[in-house]
Amino acid sequence: MKRIIGIAVLLLVVYLATWIMADAFSGRAVFMSGYNQENLLRRIALYGILGIGVSLVIITGGIDLSLGSVVCLVGVGVPWLAVGHGWPMPVVLLLAVVLPLAIGLGHGLLVTRLRLQPFIVTLCGLLIYRGATRGFTQDQTAGFGNGFKGLRWLANGEIPLFAGFGIPVPLLILGLVAGVVAVFLNKTIYGRYLLALGNSEEAARFSGIRTDRMVIVAYVICSFLAGLAGLLFVLDVNLAQPVDFGNFYELFAIAAAVLGGCSLRGGTGTVVGVLAGTALIQVLRNMINLVFPSYQNMEYAVIGLVILAGVVADELAKRAVARQKAAS
Amino acid sequence: MKRIIGIAVLLLVVYLATWIMADAFSGRAVFMSGYNQENLLRRIALYGILGIGVSLVIITGGIDLSLGSVVCLVGVGVPWLAVGHGWPMPVVLLLAVVLPLAIGLGHGLLVTRLRLQPFIVTLCGLLIYRGATRGFTQDQTAGFGNGFKGLRWLANGEIPLFAGFGIPVPLLILGLVAGVVAVFLNKTIYGRYLLALGNSEEAARFSGIRTDRMVIVAYVICSFLAGLAGLLFVLDVNLAQPVDFGNFYELFAIAAAVLGGCSLRGGTGTVVGVLAGTALIQVLRNMINLVFPSYQNMEYAVIGLVILAGVVADELAKRAVARQKAAS
Amino acid sequence: QKSGGGARQFAFVTNGVDPFWTLAEQGVKAAAAENQMDVKVLMPAGGAVEQKSMLEDLLTRGTTGIAVSPIDAANQVDLLNEVAGRSILITHDSDAPASNREVFIGVNNYDAGRMCGQLVKEALPQGGAVMIFIGRLEQDNSRLRRQGVIDELLDRSHDPSRFDPPGGEIKGERYTVLGTLTDNFDRALAKANVEDTLSRFPDVGCLIGLFAYNPPAILEALEQAGKMGKVKVAAFDEAERTLQGIRDGQVQGTVVQNPYMYGFRSVEVLKALAAGDRTVVPADKFINVPARQIRKDTVDEFWKDLNAKLGK
Amino acid sequence: MNDRAAGQSPPRLVASGICKSFPGVRALHDVHLRVHPGEVLALLGENGAGKSTLMKILAGVQKPDAGTLEADGVPIPPGSVQEALRQGIALIHQELNLATNLTVGANIFLGREPNRHGWIDEKAIAAEARRVLDLVGLDLDPSREVGDLTLGQMQLVEIAKALSVNARVLILDEPTSSLSARETERLFAVMNELRDRGVSLIYISHRLAEIHRMADRVTVLRDGVNAGELARAEISHDAMVRLMVGRDVSRVYQRTSGTPGAVVLEVNEVRTAANPGHGVSLQVRAGEIVGLAGLIGAGRTELLEALFGVNPPLSGEIRVEGRILRAQHPRDAVLGGLALVPEDRKKQGVVLAESVRRNLSLASLERDRVRGFLLNEAAESGITERMIRELRIKTPGEEQPVRFLSGGNQQKVVIGKWLAMSPRVFLLDEPTRGIDVGAKQEIYQLMEKLAASGAGILFVSSELEEILGLADRVLVMHEGKLAGDLRRDELTEERIMTLATGGQARDRSTH
Ligand SMILES: Nc1ncnc2c1ncn2[C@@H]1O[C@H](COP(=O)(O)OP(=O)(O)OP(=O)(O)O)[C@@H](O)[C@H]1O
Ligand SMILES: Nc1ncnc2c1ncn2[C@@H]1O[C@H](COP(=O)(O)OP(=O)(O)OP(=O)(O)O)[C@@H](O)[C@H]1O
Ligand SMILES: [Mg+2]
Ligand SMILES: [Mg+2]
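Chains as they are written, first to last, in our numbering: chain A, 1 to 328; chain B, 329 to 656; chain C, 657 to 968; chain D, 969 to 1479.
None of these hints come from the bench; they were simulated from the model.
A quick note: this is a predicted structure, and the numbers were derived from the prediction, not measured.
Among the hints, a few may not be true.
Said to hold, decoys possible - Pair ranges (Cβ atoms, derived): (1) D:Lys1031 to B:Gly362: 52 to 62 Å; (2) D:Pro1082 to A:Arg28: 52 to 62 Å; (3) B:Trp481 to D:Gly1350: 46 to 56 Å; (4) C:Arg951 to A:Gln140: 19 to 29 Å; (5) C:Lys827 to B:Trp481: 21 to 31 Å; (6) C:Asp811 to A:Asn146: 32 to 42 Å; (7) D:Ala1092 to A:Gln140: 56 to 66 Å; (8) D:Ala1092 to A:Asn146: 51 to 61 Å; (9) B:Leu644 to C:Phe942: 53 to 63 Å; (10) D:Arg1150 to A:Val312: 35 to 45 Å.
Built from N, CA and C at the ideal position, the CB exists for glycine as well.
Construct the complete structure from the given sequences, taking the supplied hints into account.
In structure tokens:
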């Protein structure tokens, strides 16, 4: 829990700052409007699913750079098949589940059986899935047009709560995913195995844990969640272009996970932390659009600086604590 | 040297295949024309400089994801200042050297003194330098127009050799860089230190080596070379867009280094290997453009597959050798 | 005919990857089939660097004629002249007047922008605040297009060389341009930009989407916000959702270029030039494929025609 | 130790015809091994003889290339940890194998968590963990994170983990190498208790005295093959050594003392980060071998690392041959004339992946450089050849990666690296840990030779026998303080232990 305090405080500060700057300066509920909060929550939900997925892989000491391309593959593939080629939606959705599972399995097998480095395997994945999507769609944009309103409710629907505010449906999906993964990590033997092998693969293997299987499971879940996020993204946005749909999302997901306390060396990470990291990045983007729209092209720089500040502060805090411990 | 044979063979195969497919099918010297070979060599030179830079960081066990953004910063910044703001070119060039040096120093200090993870530090770098460039240029394209022909000779000039073929000037620059780095790695005590600390930072430090300084030096050289490449890229292309100039170059540079035998775990890597890896990727792109232009949108997929095939073959070959050794 | 032997090859090079170019590709293909020509369509996804290596490789292949949409004409003169020296060069979509290109086929983006501005004026005759959404500001065509809109709304004189930097509000007598938000082709971000605008400026009068995917993103956001119809929309290009929006009265209108025609005409012109026929080049070296405003009354006809071109 | 009926009952575990090769190494060839209920079988062999490999095969961690395993006469499939655990075979590894991010309890039950359909039963873990921790005498909260423990505590957690299996065959691979006398005694008591309950134990150690004391039977491996067996009655130092090394090695090392010269190392009130409470002062003379004794965690490693600039001292003064040494980084210490042979040989001593040549020259590259910063390859070759010859480093060649050398030869490489710098003072931290008898003797001789050539030596050891045999003088540390300074003629085992555990030297407090 200690690892999360820093990011939680940072999130709170940025949240309050945005609120004050956006609403106080304009004298209206800009940031704190139901509408904006809903939007914010929906975005956190979509990106959060990616972050949770990649955090599982990071816990094993690996990395997944292919997330964004899996988002692209599913996000483009689903409307391309369902609308462009008239395949029945249940079949398409089945494919949208099976394909990411197969991709994750492939990554896991290459990493465990062939002992290839995760960075390389998933970098190749990044290139291959996007290239393939661009190839089979011939770079055509795909979208649902006016159809599939029911399905699209999953991404843009809401459960009305009170005047002007409702809980976005994707947030419920995120809640489900986060809950399952959190329980998996903390309450089941498999979560414990994952944490153990991330810290010391040998210690886990020598204890009779089939570490290879657990690593494969992590990659499979990660790719599956990337596919799920890809589906929700396209249901939300309603159209996807192969050349750039999901571009860079892996980096934002990894950044969120790291901000949330995951160490790229493996063995640590919490779901709550990842959610806080995701929220921080999304609130920042919201802040820039609401408060500093003219500096919107510096968005990357601001996010980069905040992430850096976050990890530096975290490190300095850890050192201060260690020094105090040593002194006492 | 063993680690390079695989990539060398692969490069040869792809080179010959491209030659045969492009020239034999068309009955003309397409691939083997002086013009095309010059282009190819120039591209290898530009990307090769990046690859060599990042390989030094990879040897220390680190990674540099910010390369592409440094390429953007320098590539956009130089014409923006020199043409857009009329700064004298010597001052601008000095800045183009000093700024990357400072960036590398910053990365190195954060990695060694604060013990932050290189992935995170340079991911923040990736975001910050691109965001900053977009911010200060207000997203405007920068270029040299008709000016600076002399300087641009560095990137698009050539030393005529025989009819229709000359050695591109950037290749000479690459030769210089590669030579210096190769000597540094193999013939100087500092190269030894770099390799030793890449294998075991602790053991090197316990031997009295100032490992922190060496790591910083690696990051500084890497950023400097990224800046140099950025300058050459913009001198070659003559224009740079803040939003995408140098995008993804870090991934291609890392892929080239890994193909060329660098292990992301640190401690191994050769300049020749990195050059071969870079050449392979560029010949592949050339092949796609010359032989399969209609599948150009699958370029990424092809490159990804070849990289994957390369590392898988490498791994399998290593295993076969090991098995033979064990058997004998 | 395949690319082997002595068959002449031609190429149509875009400035990026976009549905807009898919339409142009259809035009290219139609014309190529009609004239029995071999024309490759190449779309660089990696910006100016990739466009350069594509052109070099086309020259290597011995391509007879090339139609290019330069990413930044002023800085690509050398490259374009090299192409012109080894092949027949024409430009489309975006011109490079300083180069040795034979002719330019395209639209005047500044004028097109002013046409879009007129649609805004129709939508908000009393004046009001507007926000501009666009993919990037770097390429010439987008800069001119945006400037056209602004100049029209501020009733300024016709001056394509003017440039208002994107930061800050631009206030005119009747219209205020609240800002310009870019998204780098990230669809999710394009939508988020609209949402955040609705949060910050609840009384925004009209949303202007200048890249093909911007109007659909605007419509998505409006629908979710329950503000459909309350906030006006002015569009550019012919995304399906945009046309549907015009039909449903959600979009005031859209300005369409004619990318299909860019492709089609480019091929025809290349063919003529390759045969030594220079009569296709007008004196001012500009083949205008004018932009058009599509409103509710013309949308059905336009759409039918479009689908026919796309083979739907 | 009373007579036991071991060997009469049918064997509990039998391994036959075991073969195992690694790339370039034949680790085991047609090896046989059996252990009976209620028996302590000692497994002996030089470094690299294949002991650990054989044990890993028994525990299912590694799969043999050939051979069979039988438990109680029933064959068990090799290469499965789960299967081995089912048969009650538990292995305490030579290297620590703990997940430092998990709690003590989680580590003890890793892979065997009490669970209901996958849901962990934390209460059961806590209760059961407390029980086995008590067994090894570790008073620890099972919910503490392992990463916060000391090395010695971690070793005890490893032992507790193996005990929690309720093993029928318990394998201990050099469990005492990071334990001091007190913990070792405790461990032996537990082992005796288990033996009396009928558990089979396989015990590996390079400390022959321990084996003499504990073993009912000894099996010896040499170069991956069975080299012989000794029944309880036949176990003697000489017999064991002969089987292991194939020649006689003297029983106890006895230093042929010289006369110490001037003070080469002087330490005044140095405070370390781990023990900021009090300073340490000591002196080492030229030609003198000073032993540094103490319990695990007494702060000996910390002291050596502070002197060497690894964790720079907080305050105090260090002088080498009278010159002040400001040790802010190992480099300062090296230039000042110090050399450190670190505790963790594989991580800190050698660059495992690099060649013998590169390791031997690593410290002296800078001194020998030419034209600013170019390598002096001639000097490098000279050093490499000389060290391989003088230290008799057993290696197929200069280019052999150090990874493939035996522990003793790796240690010689570390020493050779420093010899090239002709340091004035050697700091040796557990220089013979995990090293077989033959190599130990060579290292002792080497230390004497260094002293004879005028260097001062300060060496840490947890093996009292070697301290008694080798040291001219012994400093004893207790909880970060120097608790005593004993001359050679005052040395006894009890005196050292009393000081190390915080008692006063009874007869005389100072000398
Ligand atoms: N994973 C491995 N890969 C390659 N070689 C190995 C591996 N494990 C052990 N070896 C080699 O097998 C041989 C036997 O090693 P093993 O660890 O079994 O020896 P040991 O008798 O336990 O030695 P020590 O007393 O030093 O612990 C050695 O030559 C060692 O280098
Ligand atoms: N890596 C570490 N992190 C935190 N504390 C440590 C570390 N290493 C040692 N310590 C602490 O420093 C103190 C001294 O340990 P040190 O290893 O110096 O003892 P030692 O006498 O050398 O024992 P050993 O015989 O195991 O080497 C101990 O209390 C230990 O807990
Ligand atoms: Mg062993
Ligand atoms: Mg110690």
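Item checked: Hints violated by the structure (numbers, ascending) -> Violated hint (a single one): 5; every other hint is consistent with the structure.
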